[in-house]
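A.B. asks: Chains as they are written, first to last, in our numbering: chain A, 96 to 559; chain B, 10 to 656; chain C, 21 to 124; chain D, -19 to 472.
It should be emphasised that the hints constitute simulated quantities derived from the structure, not laboratory data. Beta carbons: idealized from backbone N, C-alpha and C, even for Gly. Heads up, none of these hints are tricks.
Below, a list of computed lysine-lysine pairs in the DSSO-like style, where the Cα atoms sit at most 30 Å apart:
{"#": "1", "chain 1": "B", "residue 1": "179", "chain 2": "B", "residue 2": "36"}
{"#": "2", "chain 1": "B", "residue 1": "179", "chain 2": "B", "residue 2": "588"}
{"#": "3", "chain 1": "D", "residue 1": "87", "chain 2": "A", "residue 2": "438"}
{"#": "4", "chain 1": "B", "residue 1": "39", "chain 2": "D", "residue 2": "427"}
{"#": "5", "chain 1": "A", "residue 1": "527", "chain 2": "D", "residue 2": "90"}
{"#": "6", "chain 1": "D", "residue 1": "137", "chain 2": "A", "residue 2": "518"}
{"#": "7", "chain 1": "B", "residue 1": "571", "chain 2": "B", "residue 2": "554"}
{"#": "8", "chain 1": "D", "residue 1": "434", "chain 2": "B", "residue 2": "36"}
{"#": "9", "chain 1": "A", "residue 1": "241", "chain 2": "A", "residue 2": "189"}
{"#": "10", "chain 1": "D", "residue 1": "275", "chain 2": "B", "residue 2": "179"}
{"#": "11", "chain 1": "D", "residue 1": "87", "chain 2": "A", "residue 2": "449"}
{"#": "12", "chain 1": "A", "residue 1": "527", "chain 2": "A", "residue 2": "189"}
{"#": "13", "chain 1": "B", "residue 1": "576", "chain 2": "B", "residue 2": "554"}
{"#": "14", "chain 1": "D", "residue 1": "427", "chain 2": "B", "residue 2": "179"}
{"#": "15", "chain 1": "A", "residue 1": "189", "chain 2": "A", "residue 2": "438"}
Covered, in the sense of this in silico footprint (three residues per stretch, anywhere, with C-beta under 8 Å from a C-beta of chain A), are these stretches of chain C:
{"#": "16", "region": "37 to 51"}
{"#": "17", "region": "82 to 93"}
Okay, here's what each chain looks like letter by letter:
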Amino acid sequence: MNELLTLMKSELVLTGIIFLLLFIKIGKGMKNETLLPLVQVLLLVNFIFGFVLNKEGRLFGDMFYTTSLIAFQKNILNLGVYLISLLCTDWLKKTPHLPEFFLLLLSALLGMFFMISSANLLIFYLSLELASIPVAAMANFDLDKKRSAEGAMKMILSSAFSSGILLFGISLVYGSTGTISLPEIAGRLDGSTLQVLAFIFFFAAFAFKLSIVPFHLWTADVYEGSPIATTAFLSVISKGSVAFIFMTMLYRVFQPLLDTWYPMLVILSIATMVIGNLFALRQQNIKRFLAFSSIAQVGFILVAVSSNDHMGSTAVIYFVLVYIFSNLAAFGVASVIAEQTGKERIDDFKGFYKTNPFLSWILALALFSLAGVPPTAGFFGKLFLLTAGGARAAYWFITVAALNMIISLYYYLRVVRAMFMDKNDTPIEPLKISAPVRLGMIICGAGIILTGLLSWIYDYIHSL
Amino acid sequence: MPNATNIALIPLLPLAGFILLGLFGRKYIKNGAGLIGTALLLGSALLALYTAYDYFFVYGKVDGVYQQFVPLKITWLAFSKELSIDMGLVIDPISVMMLLVVTFVSLMVHIYSLGYMKGEERFPTYYAFLGLFTFSMLGLVLASNIFQMYIFWELVGVSSFLLIGFYYDKPSAVAASKKAFIVTRFADLGFLVGILILSYFSGSFDFQTLIARLTSPESNEVKNAVASTFLGASALTWGAALIFIGGAGKSAMFPLHIWLPDAMEGPTPVSALIHAATMVVAGVYLVARLFPVFSVTTPAVLEIIGWVGAVSAIIAAVIACTQTDIKRVLAYSTMSQIGYMMFALGVSSYGGEAGLGYTASMFHLFTHAMFKALLFLGAGAVIHYVHSNEMKDMGGLRKKLPITHFTFLVACLAIAGVPPFAGFFSKEEILLAAYNSNTAIYWIALITSGLTAFYMFRLYFTIFWNKAQGEHSAAANKHGEGGLVMMLPLVLLAVGAAGAGFIPFGEFVSTDGKALESHFHLSFSLAPVALGLAGILAALWMYAKANDKPARLAASLGGLYKAAYHKFYIDELYLFITKKVLFNLVGRPAAWFDRNIVDGLMNLTGNSTVLVSEGIKKFQSGKVQQYAIFFLGAVVLLAVLFIYVWR
Amino acid sequence: MMEPGLYHILFISTALFFTGVLGFLTRRNLITMLMSIELILNSVNLNFIAFNKYIWPGRMDGLFFTLFIIAIAAAEAAVAIAIIINLYRSSQSIDVNNAEDLKY
Amino acid sequence: MNLLVLIGAPLLTALAVLVARNKQQVKWISLAGSFLQLGLAIALLLAFRQERAANNTAQMLFEQQYKLFQSLHISFHFGVDGISVAMILLTSFVVVAGVLVSWNVEKMTKEFYFLLLLLGLGAYGFFISLDLFILFFFLEISVIPKYLLIGIWGSGKKEYSANKLALMLMGGSALILVGMLGLYFTAGNSFDIMTLSKATITPETQHILFPLLFVGFGVFTALFPLHTWVPDGHSSAPTAGSMFLAGISMKLGGYGCLRVATYLLPEGAKEYATIIIVLSAIAILYGAFATMMQKDLKYINAYSSVSHVGFSLLGIGMLTQTAITGALMQMVSHGVMTALFFAVIGMIYDRTHTRMVADMGGLMKQMPFISTVFFIVGLCSLGLPGLSGFVAEMTVFVGSWQNADAFHRVATLAAAMSIVVTAVYILRAIGRTVMGPNTNEAHLVLKDANWNEKLAAILLVAGILAIGIAPGWLNDLLRPAAEVIMNRITGQ
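Here chain A stands alone, though its shape is the one from the complex (with noise of 0.2 Å):
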C-alpha cells in the first residue's frame, strides 16, 4: 500500500488535484481570477513536488514501473503544464469553462504519466487514449470557431484511424509473441515478417503522434485551429511524452528489430526535417509557423534517437527540457498577442520592437534557441542531438540535419527581422502583461539561457 504511494506519487497528486476542481466544479464553482490562481499554484507545489521522494519499482504485476529517469521526465512535463498555465493566463481568464479545460488538460497529462510508466500493451493502449482524446476535447475549446472545431474533428477523426492502426500492430504483436507485457514482448521478437509488419502498424501510430513526414498533415491544422493553451500543450508536452516512450519502446522492447527501424528512422527523420522547414518557410500565421517548425524539431530528435544509446536518450530529455522554455515562450509571446489584438499573422509583428522591447526580446531568444544558436540553450540542445546522431558515423545523416539548421535559421530569422527592422508604420500598441504572464516568461527566459550555461543539469540527467 505504501509501495503503492510512493511509486504512484506523481499520478496521485494530479489525480488529487483534477478531484479538486471537480469538485469545485460540481459546487457553487468559482470566478475564473480566483480559480486560475489557485491552479497555478496547485501545479508549482505539483512541480515542486515531482521533486522528492521518487522511488523505483513495479506494480500491478509488472504493468506499472517507475524510475528516477521516469520521474524527471514526468516532472519535465509537470513544468510544462505549470508554464502553460501562467503564460496563457489572458486567454484562460476569458474562457468560460476554466475548470472542464483544466479537468481535460490534466487527466490528458495524467495518460501520459501512465503512458510514460507502462510496462505493458494494455496499460499503454489505455493511457495512449487517455492523453490523446481530452487534447480533441481541448483543441474545440473556442467553441464559437468554427476552425477550433474543424481543428478538434480532424485531430479525433485521424488519431482515431491511427489508434485502429496501432491496435491492429498490437494484435498483431500478441499474435506472435502471446503476450502483452513489454519485457516479455522483448524477449520473444525474432524478426519475422510478422512481427516486422506489425512493427511498422505499431511506428506509424507513433510516427502519427510525434508528426513525423508523412503522418504529420494533421498537425498543422490542428495548431492553427485550436486556442493557443492548447496548441502550446500539444507541440510541447504531448510531443515530449510520446518522445519518451517512443524511446523506451524502441530501445527495451523493438531492440530486436534494429536494423529495421534504424534505417526507418533515418529516412524519416531527413523527410520531417526537409519538408518541416520548407513548409514553415512559407508560413504567415504564427500559430501554424510554430506547428511546422516543430515538425522539422521532430526530425532533429529522430537524429538522437537514431543512435540507439544512452547518450541518445539523455540528449533527447535534454532537448525536450530546452525545447518546453523555448517554445513555450514563443507562445507565451504569441497568446499575449493574440489575445489583446487578435493578430496572428508574422506582417502583423513589424516594428514590434519599437512598441514591445520587452516580448521581442523574449520572443527572439525563444527563436534563437530554436535555431540553435548561442548562447542560448538550444544551441546545446541541437548539438548534442546531432552529436547523439553522429555516434554511429554516419556523417552524411549529420551534415544533412547540419545543413537543415541554415534553413531553418532563414525563417527563424524572418520573424526577427519583422520585429526589429521592418518599417511599419501602425506597430502593435504597448501591450500589458499581466504578472503570471511576465513570470512565466522570465521563467523561459532564465532557463534559455541557464539550461545550456549550467552544464551540471545535462550531466545530471546523464547520470539518471
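Since the structure of chain A is provided, determine the placement of chains B, C and D on it from the hints.
C.D. replies: Here is chains B, C and D on its own, set in the frame of chain A:
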C-alpha cells in the same frame, strides 16, 4: 674605422625633420619649417662630407684597395636562421660618393626652396616630404641588405609620389603622381621577384654574402642556379634580369620611362632633386651595387643593360629636341644621360682596366647630378619669373636674370661635353669605355652627344636670347630674380658643374677598389667635342634670333618630327593596355562574374528552396481523408521497403 | 458443419479492417467515417479473440484487451460526436468537405 | 595571468551597458570597458613575453581547465600561444576603435553597444579556447550580433546582406560542426585540441574531415568562391560593424583554418594544399581586379579584403614555416588595416553622406587629418614598407618561394602580381577622393575628425606602424607557434 653613429645620423637627421614637421609643422612651426629642415640637412651634409673624407683619405684604403665596411647591421625581420632582412650601413666608394651627391644636392634644393616655395600653403608639409625623401634615398644608398634596399626603394617611390602630387588639387599633378608610382611599382615587382630568385639560390639577402656566393662559379649555389633553367635561360639570369627591370623602372629606362616627363608636374626643386640628381639614378646605383654578379655570373644581362641604356639615350635625345616645355626637355635629357650611365655599366666588366665603364658611369652620375640639378634650379628660376613652362613665353631673359643666365650657360656647356667642364671628362671616359668594348654603342653614344649639345643650346637660346628684351614683361612680375637663397645654390652648383671634372675619379671609384688612372687622349676626344660644337652652332643658327627656321625644319622632317614630338606614341600604347585591356577585358569581367555568377549561384540556392516550398504546399490539402491516405500510403511503403526490398 | 479455423477468422477480420479503411477514406459523412473506424476496431477485436483462442489459450490477455477496446471506442465516439455536433453548429453541415478551411 | 579576465571583462562591460541609464553612460561604460580590455591584452602580451623569456617552452601558456558536460568529455579548457596572443591584441585594438567611431550612434545606442561588446566577447573566447566545442560555441555567438548589427543599424539593402551573411556563416558552421563531430568520434570522444593533436587519425579520415573543417572556417574568412557575403555584408554594415566583421570575424576563420583544420589534420592539409593554393591565388588576383571596378568605397575595401585575406590562406596552403608565419602576420596586419580603412570610410561617409568615389574630391583641404589617415591606410594596403601590410606580404612571398617546384612558383608570382593591381585601385581611390579638385561645393564646409575619431585612428595607425617599423616582436610571437604547427605537418 667608420663611426656607425655618425653614418647612421646622416639618414636619421632628415627623418627627424620629417617626423617633426609632419606632426607639428602644420600647426605650430609653419614659418620656421623651412629653416628647421634645411638646418637638419646641413647637419647630415656635413656628416657626409666628414665620412667621405674619413673614408677616402683615412681608413678606407688598405694596401691600395678601398675596402667595404659594414659598421652596423641590425636584424629587422628574421625569416629563418640564414634568411633575414637586416638594417645595415655599408661604406664603400660608391655609397660614400652617393652620400655626398644626395646630401649636397638635397641641401641645395632645401635652400633654394626657401625662396621658391615661400608663401606656399603647405610649406611645412613640403619640407617634411623633402626630409622623408632624403632619408629614404640615403637609406637606399647605405643599404647593406638587398631587401633593405627594396624597402627604401619603395619609400623613395612613395615620397616621389607625394612630391609630384604636391599640388594635389591639380588633376594633372595627381595623374602624374599616380602614373609615376604605378609604373615604378610595376618595375619593382620585377625587382622583388628577382630578389626572391637570387636569395633563394644564394640563401641570403645580405649583399656581401649574396655577391660572394653568386660570383664564385664553382660554388654550389651557382651550380644549382645554373642547373635550373627556365625558357632556356638559367634561373640566375632571370633573377638578374628581373632586378634590372626594377632598376630600369626607377631610372626611367626605355620602355619604362613614360612616367618621368609627367613627373615634372611636381615643384621644380623637387624635379631637380628627385628626377634629375638622385632617385632616378637609383637604378644605376643598384646595377653598380650588384655589378660583380652581373659581370661575372650573368654577362648576358649586362649586355641587355648596355643596349637598353644606349637605346634610351638616343630616343630620349631625339624626343628632347622637339619638346617645347622646358622641364620636359630637361626630363628627357635626364633620361638620355642616365642612358649613358647605364650603357657605361653595360659595356664594362669586372676588374682593372676593363672596369673603366663602371668608373665612368659613377663619374658621370656624379657630374650629371651637379649640372642637371643646376639646370633644373635655373629653369625653376626662369619659371618663377615668367610663370610658365612653355618656351614661347620666354626669350631674351639674359639681362633680366643675369646670374641664372650665367649658371645655366655653364650647365649647358657641361652637359654638352665642352672642355673643361665636368660633363666633358665623364662623357669622355664613357665613350672610351664604349669604344673599347662595343663599337655600335659607341656610335650611338657619339650621335647622342651631338644631339645633346643641340637640344641643350636650343633650350638655352630660346630662353635667354631669341626674342628682343621685355616682350614678355607683361607676363613677368616685378620681383626680379629671386633672392640670395635661390641664387646661392645656383652658384654653388655651377662651381661643381664647372670643376667636378678635375676630380681624379678613378682614384676612388673602381670595380675592384684599386686605383684606376684615367688616361686621356686628345685624338680620341676630338670627335665628340667637334660634334658637340656642331650641335651648339646649329642651335645658335636656328634659335639665336626669332625666325621660322625651326618650323621649316620640323616641316621638312615631317613624320619623324611628329613622332618624336608625340614621344613616339609610347604613352598611348600604355594607355591602351591599361584602360582598354586591363580594365575592360579583365577587371570588368571579374566584377561582373563575381556579382552574377558566384553570387548568383548563392542566391539561386536560396530562391530555389523557396520555390520548392511553394510547390509542395498542395500536399497540405486540408482534407482529412487525404491525410489518412498519406498515412496509409506511408505504412504500405515502409512495409514494402522493409519487408520485401531490404530483407 | 466444420469448425471455423484461425485463418477464416483472420480473413474476416482483415476484410473488416480494409472495409473500414475504405469507408473512412471514401465516405463524406463524418458520422459514417466514425462508423468505419468502429469497423476497424472491431476487426482488431476479432484478431485478439482469435489469437487468444487459437494460439495463446493460456492467459486471457486478448479477451481483456478486447473489452477495453470496446470501452475506449465508446469514449472516443462520444467525444467525436460532440465535436461533430459542434462543427455542425458552426457550419450547418456534417460533410467532411465543408471542413477544409485550414490548409497549406 | 588568468585568462578568464579576457572573457570576464567584456562580459561585465556588456552587462553594465545593459543596466546603464542613458546613452552617455552607455558610451562611457563601453569605452572604459574596451580600454580595460586593451590594457588586459597588452598585459597578456607582456606576461607572455616574460614567460617565454624565462624560457617556459610549454606550447600553451596560462592553461586552465574546467569540467563542463563531463559525460561528453567537454571541458572549458583554455590557454594561449603566440598566435592567440597576437589575435587577442588585434581584437582589443579593433574593439576600442569600434567603440570610439560609433560614438554618434543615436538609434538604440544601448543595444548597439551591447551587441558590439558581445562580438568582442565571442572573439576573445574563441582565441583562448582549446576545446573544439567551446571554440565552436564562441564562434557561433558572434553570428546573431552580426546579423542584428547589419540589419538594424546598417545601410543600403541591409536586410538582404544581413540574411546572406547569417546564412552563409551558418552554412560554414554546419560544415565545421560535422567535421568537429567527426574528430570527436574518430579520436576517442574528446573535443580537446591538445588531446586531438596527439591522437592518431588515419589519413583516410583526415581526407574526409579536413575539407569540412577548412571550408567551414573558410566561409568565415572569405575563401573563394564562398566570399560573396563579404562585399554585401561589409558595405551594408554600420562602420563599427564592418570594422568588426573584417577586422575580427574574418580572422576567426583564418585562425580556425590553421589551428583546427591544418594543425589537427596535417595529412588532409597536405592532400588539399594544391586546391587551397589555387583558390587563394584566384581570390588574390580576382579580388584585386574586381576591386578595380568598384565605385563605392566600402565595396572597394570589401573586395580588397577578399584579395588580402587570400594571402593568409595562400600562406597556410604553402605549408612552410615562414609562409604560415606570414599568413598569421597578414591576419593581424589586415585586421588592423582594414578596421582603420572602414573607420576612415565611415568618417568620410558621416560627413559627405556619400561613399561613391565619383562624388568626392579634394577632401584633403577640408579634412587634412582624415585624408592623411586615408593616405596611410591606403599605402599600408598596397604594401608600403614601414607599414604592416608590407611585412606580412613579404613574409608570405619569401615563405612561398621556399617551395621550389613550378606550381608553387607560379602561384606565388600570381599573388605577387596583385601588388601592382592593388597600387592601381588604391591610388585611384585616393586620387579621386582626397586629392584632385573639389567637385562638390557642399563639401567645402566639412569639419575634420572629432576627438573620438582621432583617437581611434591614432590607435590603429599606431598598430600599423608598430608592426610595420619593428616587426620583430610580432615575428617572435608567431614564428615559434608556426613552428609547432609545421612540426606536426612534417611529422616530427
